[in-house]
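Trainee: Take a look at the letters that make up each chain.
2 protein chains.
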Amino acid sequence: MKIVTSVKDMQGWALQARKSGGTVGLVPTMGFLHAGHVSLIREARRRADKVVLSIFVNPTQFGPDEDLDEYPRDFERDEALCAAEGVDIVFYPPASDMYASDASVFIVEEQLSRGLCGGSRPGHFRGVCTVVAKLFNLVLPDLAVFGRKDFQQLRILEQMTRDLNFPVEIVSAPIVREEDGLAISSRNKYLGPEERRQALCLREALDRAEELFSNGEREADAIKKEMRHIIGRNTLARIDYCQIVEIRQLQPLSTLNCPALAALAVYIGQTRLIDNTVLEWGT
Amino acid sequence: MKIVTSVKDMQGWALQARKSGGTVGLVPTMGFLHAGHVSLIREARRRADKVVLSIFVNPTQFGPDEDLDEYPRDFERDEALCAAEGVDIVFYPPASDMYASDASVFIVEEQLSRGLCGGSRPGHFRGVCTVVAKLFNLVLPDLAVFGRKDFQQLRILEQMTRDLNFPVEIVSAPIVREEDGLAISSRNKYLGPEERRQALCLREALDRAEELFSNGEREADAIKKEMRHIIGRNTLARIDYCQIVEIRQLQPLSTLNCPALAALAVYIGQTRLIDNTVLEWGT
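Protein chains in written order, with numbering that gives the first Met the number 0: chain L, 0 to 282; chain Y, 0 to 282.
It is possible that part of the hints are untrue.
No copy labels: a pair is met if it fits in one copy or bridges any two.
Stated by the list, open to error - No farther apart than 30 angstroms at their CA atoms in a straight line, the calculated lysine-lysine pairs in the DSS-like style are these:
no. : residue 1 : residue 2
1   : Lys-18    : Lys-7
2   : Lys-1     : Lys-18
3   : Lys-224   : Lys-148
4   : Lys-1     : Lys-224
5   : Lys-1     : Lys-188
Quick caveat, the hints were computed from the structure, so don't treat them as lab data.
Next comes chain L alone, as it looks inside the complex (with noise of 0.2 angstroms):
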């Protein structure tokens, strides 16, 4: 396995392999590597020659006010952890070397980011999206492997590939959850015992939503309402967004005449979770 960090490196690198013929699929993460990103490289190894896994906590995708000082880093652990794995190059750049520091071109998704976490973090999809295309571009994969936790982002980086034309499939992951439910994030590590217990308030609400829909229920508001009951429960939560929304546009549905996603995102104390379930229509 390879270290490279340095954004010339890997783009030299990436020019000599799409020569070679063999493909080449991204995991892009921002480290901190767990049971969820685990998936998404063995995904990568299934279906790519060499898997590129980037580690790059990426400070154009973070508000002023949110965690980009804090954010979990564990070098070390990753990189034993990918050499494990059988990832053949972690990619991990210092901010310097990624941004120049009159760096001006980014890029905007209008539509599918109005909402959800684009509406509770402006600007974090435009730091999404210019961080993705950049790997993009440094690594030239034919893949890159994403998961379905962060299912807005998914969406908004499938409509980016399309519409900007990146040759470039867009895999997705199932969420990776703990034994008790709980979605694996690295922002996980800062919850206290008790915030720990309550964060189990997230699938709780979920597994609701899906039991209601299964009964029958199509009315967005009367799920939602007890989405929020369950959460409500809990003395440390507080609710971000409590939304269902259709799934290729992301847009509020008040009636689920077509497939669906109930996603969540909720603070336990100072920590931000989301999570989320699609709730097939059909059969």
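Please arrange chain Y on chain L, whose structure you already have, making use of the hints.
Mentor: Only chain Y this time, still in chain L's reference frame:
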């Protein structure tokens, strides 16, 4: 020479070409080709093994009151010229294939695009950046050639290529002029005989700027005043902007103590023309 009209076929060719190891040069145009474009084609041929010329009148770079519908077109003449100049592929996609009806991802430049044409044409460079990024992803060129008549466009595309890490070298070529000094442009076709005569005032004003500068004048206001005076003598001319800017960041200069660009946009009747000259500082 091959004519490619589908986005999918273009990218298919490009993905094959990247494996072949030969280099590809891209000349992006809006068609209605003239001697300026010929100089770009020749520059591309000197530097690359294969030359792709794109013809696409890009709707997203035109404002609602601009000349998208009237923009001159003559594909048969363009095709003959490309064949004569040894172009390998003419990429001529329909707008419906370039933009999905629900396209929502765009590229914005937030510094260099504030003044000059960016000030007069809101959204113009957003459209330019977006379509050029799409062309880069569809043609996968090693280099792309742009004319220095659109100097601000050139700088913005250099910035985009750097900031988004496209593996593309941006090559520029000098302004090509008619015998009497008028910068060649597809829009010159709009000019009536008297307009054509008065259109020379752009070049005259720039000549005067060069003369003043070489005589030691370093106050931008003094130079701009004389430029405005020369243009003002023409009854059909209306200045959009007359500016002297620093050559990298395109910020207005009051004292010419670094490499500068004198840049003009002038309406001659209904036709908006641009021209510029670099005022070389030092020797």
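Trainee: Hint by hint, note whether the structure agrees.
Mentor: Each hint, compared with the structure:
Taking identical chains as interchangeable, the C-alpha atoms of Lys-18 and Lys-7 lie at most 30 angstroms apart whether they share a chain (17 angstroms) or sit on different chains (20 angstroms). In this assembly of identical chains, Lys-1 and Lys-18 lie within 30 angstroms of each other by CA distance both inside one copy and across copies; the values are 19 angstroms within and 23 angstroms between. In this assembly of identical chains, Lys-224 and Lys-148 lie within 30 angstroms of each other by CA distance solely inside one copy; the values are 22 angstroms within and 60 angstroms between copies. Taking CA atoms no more than 30 angstroms apart as the test, Lys-1 paired with Lys-224 passes in neither setting, with 50 angstroms inside one copy and 60 angstroms between copies.
Proximity of Lys-1 to Lys-188 under the C-alpha cut-off of 30 angstroms is restricted to the intra-copy arrangement: shortest distance 28 angstroms within a copy versus 57 angstroms between copies.
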